[in-house]
Amino acid sequence: MAILHTVNKSPFEKNALDACLRLAAKGSSVLLIEDGVYGAMKGTEKSAAVESAVGDISFYVLGPDLKARGIGEDKLIGGFKVVDYNGFVSLTVDNDKVQAWL
Amino acid sequence: MATKKFMYVNRKAPYGTIYAWESLEVILIGAAFEQDVYLAFIDDGIYQIIKGQDTTELGIKNFSPTYSALGDFEVSKIFVEKESLEARGLTIDDLMPLKWEEEDDDGEWIEKDSITVISSDEMKVLLDDSDVLLNF
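In the order they appear, the protein sequences are chains E and U.
Heads up, the first sequence is in the working numbering, so the first residue is 25 and it goes up one at a time.
Heads up, the second sequence is in the working numbering, so the first residue is 440 and it goes up one at a time.
Straight-line alpha carbon distances no greater than 30 Å define the calculated DSSO-like cross-link-like pairs of lysine-lysine that follow:
| hint | chain 1 | residue 1 | chain 2 | residue 2 |
| --- | --- | --- | --- | --- |
| 1 | E | K99 | U | K500 |
| 2 | U | K563 | E | K38 |
| 3 | E | K105 | E | K38 |
| 4 | U | K538 | E | K66 |
| 5 | U | K500 | E | K38 |
| 6 | U | K500 | E | K105 |
| 7 | U | K563 | E | K66 |
| 8 | U | K563 | U | K516 |
Just a sample of chain U residues kept apart from chain E, beta carbon distances all over 10 Å, derived:
| hint | residue |
| --- | --- |
| 9 | K444 |
| 10 | V465 |
| 11 | F472 |
Because the hints were derived from the structure by calculation, they are not lab data.
Quantities reported herein were computed from a predicted structural model and do not represent experimental measurements.
Built from N, CA and C at the ideal position, the CB exists for glycine as well.
Pulled out of the complex, with its shape left as it was, chain U reads as follows (with noise of 0.2 Å):
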């Protein structure tokens, strides 16, 4: 089977509806199949990965350590619209630093930043160059 572009697009804010939490779980069965996984965070679905999440008091999960495990799963490739922070009074300090590791020539293992910053524009592009969109 060919490898294609999934790309997950997530814009709601975590906890008050099931959205967020049901698009983790796909991405990571979805990653499972060593498909090409990109992950969009736009509008409220940037509240996801906001850090500092403590869910105690809620008596609910909090799933957001999961997204830095994504990395451990090849899922690397994660862009956060930069009009969806700004709107928000957000940048990317406010975001948890997701990371990922990539083997060097010298079989060296390196740790990358797995979120990048990127303008509407840039994201209209991405959108377009994917060949499977799934909308959380």
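Bound conformation, chain E alone (with noise of 0.2 Å):
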């Protein structure tokens, strides 16, 4: 049973990301949205958890998200796949249920 999970918390004010990578089970998809965006960044004291689960788990973020908040593609951990409000969707429908880390 396929799951997509969503992390829409900073990772640097709430463990959700934290939560997620370490409950996350392998070949499962993680979305980044809202603040849960900052999560995917490259070069910060959160990127190497991340990282280091990018062979196992496939990582998306929130095109829109991003943009808002002036995150260039360029700032982004290696393996992450930018998704708009479409893929979102297709990523829901594509999963056989949602875990939302709030």
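Assembly of the complex is requested from the two constituent chains, each provided in isolation within its own frame, with the hints serving as guidance.
Have a look at this one:
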């Protein structure tokens, strides 16, 4: 049963991303949205945890939330796919269920 | 009324919550009362002044250009904590170049930078020296 995990909190303020990475099974998908998109940036104190999971988990980040926050795609950790709202819907449809880490 | 040092402490990212926008509104209101205004950007608060914000696809107001207008309201003492920048892999070059204008002895208007990057130790002193602390 494939799960789409969403994280909408900044990794520097809440432990939602940590919990997600700890509990997401191999082969699942993680989509960062809203303030969660800061977790997709490379070169931060939180980057290493995401980078070490890139092989096991498919990472996505919502483009409109990146743009709103002034984060260029050149700032992202390698392996992230940027999706738009239609991509968000597709991920929801393609997975069996959604786990929202609030 | 004696002038007091008002310190606005900003620790939240923009858009995800309303704190950043509310802070900006209060800062602008406060500026009208001719107090000595200081702004601190700490932790996720530094994300508020990242350059290149574009909220078109979110359908909500991009209030980041308003920070550039703060200089016109004589809000020019803006401090960013170095440790917060480093934790997020950012430098001052990732921030909006906020400016203000000061008149020199010859009546010429000189453009100056409003943002100063300071260490946690320097921030401690700044907080200590403030008369009023407003947190967002």
